[in-house]
Amino acid sequence: MNSDPRLHERLRAAADPLPFVPERALTSLDASVKARRLRRRAETFLVVALVAGLGGYLAVQVLPGRSDVPATPAEPLGSIAYTQATESGFHIFQLPIGAEPVVLLGEVRSAIPRWSPDATTFGYLYEVEGDMGLGVSPGDSLIEDGDVRDFSWSPGGARIGAVVHLPDVDGDEIRVVDVATGASRTIVDGGSWYGVDWSPDGSRLVVAGQADVGPDNVIDSGLYLVNPDGSSLSLLDDRPETFDFFPRWSPDGTQIAFGRSRGYDDVDTQMDVFIVDPATGDLTQLTDRGGFDGFPAWSPDGSWIAFASDRGPAAADAADAASGSAIVAIRPDGSGLHELLPQIDGEFLIPSDWRS
Amino acid sequence: MEVQAEAVSEGAPTTFDDAFRALYPKVVRTAGLIARDPQLGADIAQETFARLYERWDRVESADHARNFAFRVAVNLARSHLRRRLAAPFGLRGPEVAVPDGTATADAWLTVSGALGGLSPAQRTCVVLVDYADLDGATVGRTLGIAEATVRVHVMRGRRALRAALAMPEEDDR
Numbered sequence: 001m002n003s004d005p006r007l008h009e010r011l012r013a014a015a016d017p018l019p020f021v022p023e024r025a026l027t028s029l030d031a032s033v034k035a036r037r038l039r040r041r042a043e044t045f046l047v048v049a050l051v052a053g054l055g056g057y058l059a060v061q062v063l064p065g066r067s068d069v070p071a072t073p074a075e076p077l078g079s080i081a082y083t084q085a086t087e088s089g090f091h092i093f094q095l096p097i098g099a100e101p102v103v104l105l106g107e108v109r110s111a112i113p114r115w116s117p118d119a120t121t122f123g124y125l126y127e128v129e130g131d132m133g134l135g136v137s138p139g140d141s142l143i144e145d146g147d148v149r150d151f152s153w154s155p156g157g158a159r160i161g162a163v164v165h166l167p168d169v170d171g172d173e174i175r176v177v178d179v180a181t182g183a184s185r186t187i188v189d190g191g192s193w194y195g196v197d198w199s200p201d202g203s204r205l206v207v208a209g210q211a212d213v214g215p216d217n218v219i220d221s222g223l224y225l226v227n228p229d230g231s232s233l234s235l236l237d238d239r240p241e242t243f244d245f246f247p248r249w250s251p252d253g254t255q256i257a258f259g260r261s262r263g264y265d266d267v268d269t270q271m272d273v274f275i276v277d278p279a280t281g282d283l284t285q286l287t288d289r290g291g292f293d294g295f296p297a298w299s300p301d302g303s304w305i306a307f308a309s310d311r312g313p314a315a316a317d318a319a320d321a322a323s324g325s326a327i328v329a330i331r332p333d334g335s336g337l338h339e340l341l342p343q344i345d346g347e348f349l350i351p352s353d354w355r356s
Numbered sequence: 357m358e359v360q361a362e363a364v365s366e367g368a369p370t371t372f373d374d375a376f377r378a379l380y381p382k383v384v385r386t387a388g389l390i391a392r393d394p395q396l397g398a399d400i401a402q403e404t405f406a407r408l409y410e411r412w413d414r415v416e417s418a419d420h421a422r423n424f425a426f427r428v429a430v431n432l433a434r435s436h437l438r439r440r441l442a443a444p445f446g447l448r449g450p451e452v453a454v455p456d457g458t459a460t461a462d463a464w465l466t467v468s469g470a471l472g473g474l475s476p477a478q479r480t481c482v483v484l485v486d487y488a489d490l491d492g493a494t495v496g497r498t499l500g501i502a503e504a505t506v507r508v509h510v511m512r513g514r515r516a517l518r519a520a521l522a523m524p525e526e527d528d529r
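Which chain is which? The protein sequence lines are A and B, in order.
Take 1 as the starting number for the first sequence in my numbering and just add one per residue.
Take 357 as the starting number for the second sequence in my numbering and just add one per residue.
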């Protein structure tokens, strides 16, 4: 297959006039290579130090032999709310498992739909002048003064906890908003946060991210628990070398699923799904495939976890695998991997809620 | 760069500098077209050639260097596309692409907009074949997919691109 002469000319006419100076690029490449060498030496030193000093401390357990576990006859049931993101925008859908997806909100750019506890309405994020606001169907706005990253209904449905990024001050806060009145209270001021979820008994919220730099100049990164009034912010699982995203309590409140990346540079390509027991801190790694597995959502009975995966079982080839994500489901013990919505080139499919 | 390593096969670039000068213009513009962002294309090319430099002692031929450079550049460009898709969800890495405000030439804007209507796989294949002049087999090896798959992506991508650019349809078989 050779190039098409007419298309070749159009592409050349567009791209070839782009200015660049090879000699300048070569000079800056020299500096770049030196910086990379220094960084790699530092990383090597860090790895050696970790292996030597902390090897016994790292208690992560990858489930043994999960690929040998036969799929059980039981199938995932219910409906999954999800976001479809493409280069042209993002919209929210509902997937009745085994049937065709249904648009939840098509008029505006929207993301991360989550049903209210009584399932009579749903909350969602929507684009407001480049940031994401928080709305409740059928169009009530609750937060428009910041960039909302994640939110969670309280078990009774009267309040919503939200992670809000404030671009003006380049800081984050955790807010609790009264759904009926819109009145909000900041319960955690400062830090960098990437997800929030309300415990099923309503007593605590789990938030993922980093509190502000501590007195010893160390940033604690991981999952935190905090009371709804903002008291007792405490680190549940401290892994300074990782970044955690989008924690979700199991329906019985005994486990929290979340996405974990080893480095912030790779959060969109390298992430795995973990489960932690909030009572003991015991950690289980559910996925370990070298790609992106994130955005977990529990089934209502707690027997399945759906998540976004860029290497779904139906991914046909490497090119497609690099530019989209499927929605798959797995049991909390690592068995029974199901593909619920296949990967399509250029579409990033992200589950955020699951109801019966 | 003070690099004088000899590549081993006949026809290989004599030095890294030679390879850089021969490949850089095509790589920076190919990455810019795939990412639809010329400044990002330059950043990607910088990273690409830094990686090529680091493994220069293992480069066996000019073809090897070229294929390695395009493979890395395409993967980096596609990674940036993914990062844009993930941006609404707070997954903003430190290298979020910022549209280049200086790229205002009509030709660039028209073609860049038309390429936006192609899927990432179609766009990648069309740019590699119709701009970078790589043949289908080389593109397949670069992307890790079958040549037949490349052909399908190119045919569908060309059809969409011609329609967007109001160009007459042609027989690509």
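In short, the hints are calculated from the structure, not lab data.
Mixed in with the good hints, there may be bad ones.
[Claimed, not checked] Keeping only pairs whose Cα atoms sit at most 25 Å apart, straight-line, the calculated SDA-like set for lysine to any residue is: (1) B:LYS382 with A:LEU18; (2) B:LYS382 with B:ARG512; (3) B:LYS382 with A:ALA25; (4) B:LYS382 with A:ALA13; (5) B:LYS382 with B:GLU503; (6) B:LYS382 with A:PRO200; (7) B:LYS382 with A:LEU283; (8) B:LYS382 with B:LEU521; (9) B:LYS382 with A:LEU26; (10) B:LYS382 with B:ARG507; (11) B:LYS382 with A:HIS8; (12) B:LYS382 with A:PRO342; (13) B:LYS382 with A:SER28; (14) B:LYS382 with A:ASN2; (15) B:LYS382 with A:SER234; (16) B:LYS382 with A:SER3; (17) B:LYS382 with A:THR27; (18) B:LYS382 with A:GLY89; (19) B:LYS382 with A:ASP288; (20) B:LYS382 with A:PRO17; (21) B:LYS382 with A:THR120; (22) B:LYS382 with B:ALA406; (23) B:LYS382 with B:ASP413.
Which of the stated hints cannot be reconciled with the structure, identified by number in ascending sequence? Per hint list: 6, 7, 12, 15, 18, 19 and 21 violated.
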